Amino acid sequence: MSDKVASMHDAIAELVRDGDTVAIEGFTHLIGFAAGHEIIRQGRRELTLARLTPDVVYDQMIAAGVARKLVFSWLGNPGVGSLHGIRRRLEADADPAQRLEIEEYSHFGMVGRYTAGASKLPFYPLRSYVDSDLPRVNSRIRPISSPYGDETVYAVPPLNPDVTIVHAQRASAAGDTQVWGLVGCQKEAAFAADRVIVVVEELVDESVIRADPNRTLIPGLIVDVVVVEPWGAHPSYAQGHYDRDNAFYLEWDAISRDETRLQAWLGEWVHGVSGRAEYVAKLPPDRLEALTPGPAPSGEVDYGSYR
Amino acid sequence: MSDAFTKSEMMIVAAARQLAGRRVCFVGVGLPNIAVNLAARTVSPGLELVYEAGVFGARPARLPLSIGDPTIVTGATAAVSMVELFAFYLQGGLIDVGFLGGAQIDRYGNLNTTVIGPYDAPTTRLPGSGGACEIAINAGEIFVIMRQSRRSFVERLDFQTSPGNLAARHDSDGPMHRPGRGPSVVVTDLAVFRFDADGEMTVESLHPGVTADQLREAMAWEPRWGAAVGMTEPPSLEELRLIREELDPAGVSSR
Numbered sequence: 004m005s006d007k008v009a010s011m012h013d014a015i016a017e018l019v020r021d022g023d024t025v026a027i028e029g030f031t032h033l034i035g036f037a038a039g040h041e042i043i044r045q046g047r048r049e050l051t052l053a054r055l056t057p058d059v060v061y062d063q064m065i066a067a068g069v070a071r072k073l074v075f076s077w078l079g080n081p082g083v084g085s086l087h088g089i090r091r092r093l094e095a096d097a098d099p100a101q102r103l104e105i106e107e108y109s110h111f112g113m114v115g116r117y118t119a120g121a122s123k124l125p126f127y128p129l130r131s132y133v134d135s136d137l138p139r140v141n142s143r144i145r146p147i148s149s150p151y152g153d154e155t156v157y158a159v160p161p162l163n164p165d166v167t168i169v170h171a172q173r174a175s176a177a178g179d180t181q182v183w184g185l186v187g188c189q190k191e192a193a194f195a196a197d198r199v200i201v202v203v204e205e206l207v208d209e210s211v212i213r214a215d216p217n218r219t220l221i222p223g224l225i226v227d228v229v230v231v232e233p234w235g236a237h238p239s240y241a242q243g244h245y246d247r248d249n250a251f252y253l254e255w256d257a258i259s260r261d262e263t264r265l266q267a268w269l270g271e272w273v274h275g276v277s278g279r280a281e282y283v284a285k286l287p288p289d290r291l292e293a294l295t296p297g298p299a300p301s302g303e304v305d306y307g308s309y310r
Numbered sequence: 040m041s042d043a044f045t046k047s048e049m050m051i052v053a054a055a056r057q058l059a060g061r062r063v064c065f066v067g068v069g070l071p072n073i074a075v076n077l078a079a080r081t082v083s084p085g086l087e088l089v090y091e092a093g094v095f096g097a098r099p100a101r102l103p104l105s106i107g108d109p110t111i112v113t114g115a116t117a118a119v120s121m122v123e124l125f126a127f128y129l130q131g132g133l134i135d136v137g138f139l140g141g142a143q144i145d146r147y148g149n150l151n152t153t154v155i156g157p158y159d160a161p162t163t164r165l166p167g168s169g170g171a172c173e174i175a176i177n178a179g180e181i182f183v184i185m186r187q188s189r190r191s192f193v194e195r196l197d198f199q200t201s202p203g204n205l206a207a208r209h210d211s212d213g214p215m216h217r218p219g220r221g222p223s224v225v226v227t228d229l230a231v232f233r234f235d236a237d238g239e240m241t242v243e244s245l246h247p248g249v250t251a252d253q254l255r256e257a258m259a260w261e262p263r264w265g266a267a268v269g270m271t272e273p274p275s276l277e278e279l280r281l282i283r284e285e286l287d288p289a290g291v292s293s294r
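Respectively, the protein sequence lines represent chains G and Y.
Take any residue in the first sequence, note its place counting from 1, add 3, and you have its number in the numbering used here.
Take any residue in the second sequence, note its place counting from 1, add 39, and you have its number in the numbering used here.
In isolation and in its complexed conformation, chain Y is listed as follows (with noise of 0.2 Å):
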């Protein structure tokens, strides 16, 4: 099997090994569904599914080609209504971290999946939040994973659907409380990113081949750098054979 390997199986795996202790995970489709899956073969054993649908402690069979895909029932440890998930899962505190993502993100992980343009006659209409927002909320923290360019890494956002990081939020002492911490970990076609104590987006590895000019030319603001920037380590021989010949064998998500 080569090594060489594809910007998506990169981001899978930077991702995945961010779940390294983790215990309770809220995944979507698509590429944090892999890589949800890969950790919970690697770095966190024991890790628990949860989808938004209404399903806990979920083993799918399958790649789910959607949210709501019957192999995440089939041999789950429960099948709940959605206000219960929603009531008792996430807002009761149970979630470790919720994956997100968006098309457009700012430098403090605020994230907008809603529109582009303004909301009463958007160039592009976007999905909205589904669960984003209180996921963004409640979560104890959010992974995000999506691809970088001017487009997407803005300076400000069209619309905010779901709120990033708390350490940025200006007006921390009003009333309204939100139990998680926001986003901490940003991982992209390019690099993987943490959040400064003060909440902004900083630079922590470079994925391997990547320069310090191209993150630049693939973001609105100029980079917060963090103190040792490194290289993204990157995948194994075995991170890579369990995503092509377990995880995704038709390559839907990571080719």
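The shape of chain G in the complex, shown without the other chains (with noise of 0.2 Å):
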């Protein structure tokens, strides 16, 4: 069986290249802070990246200068207002020089897309955009007829990033890799890509894998790399394992806010540290304490044995 365990270093020096469409899935929930931190550290650049919910990850990663396009369907630090380092590049008196490119969809519109390039379709047909601007101002929108009958509906061309990357609770080291709690879009994130990193908290054996096969989200046939990096979400979360840190999204507010307070905050949490443990390190551990939940475990089923 093949190892497929690497550092986040070589992961993102071997999988992600300047240009690519990046996806880093996860709703709220499992966001891939570690990588998108290192993507940051290497200095890629010119990278189209794709998220339904930027998020802060995508905010630090825009500030950073990584990307010169975003392409998503609702743009806010949830819960708590806005991310305001991509709004400095967005709105009217951005700077001609940083001004981001976007391509812009609904949360439907979203998944359908990742839904059609994972299944190697031209098209996604939804019930939404009726009546809507979000046509008028994005192109890539289309109505089609059904071939059916006489009705038409919004379609949603194929999203195929280069490179998928998805946080996990758990993988085996072929990159079998198991999710539970919000599953967002990841699968379909995955299977749409060229490329998959998978970044755990935990790696386990290939037994813990096979004992639970309906908890499998995404199989190691189609997982390039796995890195394994505890509290690699963190400011978000893994179910189970720790919650949101949602003081940090309120700090983000006001960090973001002001663009040197951001700058001067990816240079000591982000260039300052080598990579997640060392980032982890710095957080005061009566912080990571408080984030940790209470045990809820699931009732344990039989798949019985057939022999």
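Quick caveat, the hints were computed from the structure, so don't treat them as lab data.
Treat the numbers as computed from the prediction; the structure is a model and nothing was measured.
One or more of the hints may lead you astray.
Claimed, not checked - Among chain G residues calculated to face chain Y with C-beta under 8 Å, some are: (1) W77; (2) G82; (3) E107; (4) R130; (5) D134; (6) V140; (7) C188; (8) K190; (9) E191; (10) Y240; (11) Q242; (12) N249; (13) A250.
Here a beta-carbon is modelled for each residue, glycine too, at the ideal position from N, C-alpha and C.
With the hints as a guide, bring both chains together as one complex.
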């Protein structure tokens, strides 16, 4: 069995290239901050970043200058407010040299795009966008007539990232990946991608995966590299491992309002550390402890033995 | 406990009461979240909470701080992928009510959550659609909760993110089908509105202490008045107790 375990440094160095379309997916849950920070440290440029909710991780990456374009459906700091780093690069008074190109959909449109991408289909049809201005500003959202009747619905094009990065609770060394809690659109984004990086809280034996096949979200078949990075989704959360660090999301609102402060934060917490282990060591231990949830184990099921 | 109440508490209670008789509700964070949880404990026991993050039948043990808070998963009926949530639950016609808000609304309940100013060079870039556009089109009906002012209740939207009341649509014979009927109720910090047969927002009741002039001051068009505009029934002590002691004890959204 192949062992795909590598360091975050080597995974990003090998698989993420300048100009790539990169999707770091995970809806509020399991956001790949450790991977995003490594992309910043390695100075990638001209990326197209795709994600339903750019979240704080893309605010940081875009402010760090890694991207030229953003593909998204909801641009905010969830439960807090705005992503000020991105807004400064979009609004009327943006510095033309830093202006960010955007391609905008709705959530259903974005998950439909990954689904079409994963299925190798030319479009995904959906009941959305009727009487909305979105198709007027994004010409890739187009009406399509049903071949079986009079109806017309909207369609969105497939999204096939060069690289999809997902964070997960656990995987085997071969890349068989299990997730619980919100699963967002990580499966669709991974199957749609040319290359897949999985970052996990815990590396487990293949037997752990095989004991519970229904929990496998992504098979090692499509995974290129497995990176083991505990707390790699902080300040977002990993169900059962740690809670969202909401205090940080609130702090980011103040930090990101001021470009100088934002760049200083990147200097200290991204460029100033060698990787996630050093970042975690920098966080006060009581802060991490406060994020650790109490237990709520699932009931076990019996798959049965059939010989 | 004091029976004096905040504007937010009045909005939460007024919205919760409108959920009587509804079964499945698409929830947002903030005020809608508290309103739906209040309804589940008062007028609508058995109400199923659906979150766009991919949860059906949520039983949040704390006030969710974001749309994907882990508390909506633990103890839920089902955690599903987002494509399943949007395609099967929402587009499949299983959602009775969806809650939406926005930076701007017009008299027909069309909503803007995208930009203030021109799209290509906005003065304020707002979050965008998220799931709002498809919720507006596919949920059985839409409840809008938002604070009102001349800047938010506008004659003309800067951008139409989510379409409003179906009855107001001028090309309703077109080939594009909208399964839901659009907004049916708008709850603000001043009043409750419903929609007339021609799709225009109409005042149903003013909250306690609010005058007709105050309402006019807080919207850019001359409001249409219902046949018998009354006063919104103020929050009961039990409703206030549930909000303050159980649903939002820290007062994050209700104070």
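Checklist line | Numbers of the earlier hints that this structure fails to satisfy, in rising order | finding: Hint 13 alone not satisfied by this model.
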